[in-house]
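*Asks:* Sequence:
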Amino acid sequence: MSFSETLKQLPKVSHLAALTLIDADGGEVATIENKAGQAGSLVVYNHLAQLYGAISPDAAKKGLELYAEHTDDARANPGKHPNIDRLIGLIERDETLRVKQVFAV
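Letter 104 of the sequence shown, counting from 1, is numbered 104 in my numbering, and no numbers are missing.
Mixed in with the good hints there might be a few duds.
Unchecked claim - Derived lysine-lysine pairs resembling BS3-like cross-links, with alpha carbons at most 30 angstroms apart:
hint: 1; residue 1: 100; residue 2: 62
hint: 2; residue 1: 35; residue 2: 80
hint: 3; residue 1: 80; residue 2: 12
hint: 4; residue 1: 80; residue 2: 100
hint: 5; residue 1: 61; residue 2: 35
hint: 6; residue 1: 80; residue 2: 8
hint: 7; residue 1: 8; residue 2: 61
hint: 8; residue 1: 61; residue 2: 100
hint: 9; residue 1: 8; residue 2: 100
hint: 10; residue 1: 62; residue 2: 80
hint: 11; residue 1: 8; residue 2: 62
hint: 12; residue 1: 62; residue 2: 12
hint: 13; residue 1: 35; residue 2: 100
hint: 14; residue 1: 35; residue 2: 62
hint: 15; residue 1: 12; residue 2: 100
hint: 16; residue 1: 61; residue 2: 80
hint: 17; residue 1: 35; residue 2: 12
hint: 18; residue 1: 61; residue 2: 12
hint: 19; residue 1: 35; residue 2: 8
Since the hints were made in silico from the structure, they are not lab data.
Kindly produce the complete structure, drawing on both the sequences and the hints.
*Replies:* Set out below in structure tokens:
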């Protein structure tokens, strides 16, 4: 299944303005906003957080599956897909990120 097809199967995120990713020390690592160019990643990361409770290495592996064809492109072009690169890094470093939802008003 392609990434665009996968997105149609995942829970909607219209209630979210963003997700904040937080490392083990409590530092904000990244924010994924509900805007063009990031909305697909917001859907994926939100789904992973719902399934796994955080973005753990196991969640990251599932995320790479969900990104489908974009995962291969990210591996071939490091830096082109930072949200996928982050998942790869979590697996390599065996790290977990907490997720804080920022609700739309």
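*Asks:* Determine for every hint whether it applies to the structure shown.
*Replies:* Hints, verified against the model:
no., hint, result
1, 100 with 62, "holds, 19 angstroms"
2, 35 with 80, "holds, 18 angstroms"
3, 80 with 12, "holds, 25 angstroms"
4, 80 with 100, "holds, 25 angstroms"
5, 61 with 35, "holds, 24 angstroms"
6, 80 with 8, "holds, 23 angstroms"
7, 8 with 61, "holds, 20 angstroms"
8, 61 with 100, "holds, 20 angstroms"
9, 8 with 100, "holds, 23 angstroms"
10, 62 with 80, "holds, 20 angstroms"
11, 8 with 62, "holds, 16 angstroms"
12, 62 with 12, "holds, 18 angstroms"
13, 35 with 100, "holds, 17 angstroms"
14, 35 with 62, "holds, 23 angstroms"
15, 12 with 100, "holds, 17 angstroms"
16, 61 with 80, "holds, 19 angstroms"
17, 35 with 12, "holds, 13 angstroms"
18, 61 with 12, "holds, 21 angstroms"
19, 35 with 8, "holds, 17 angstroms"
The structure shown violates none of the earlier numbered hints.
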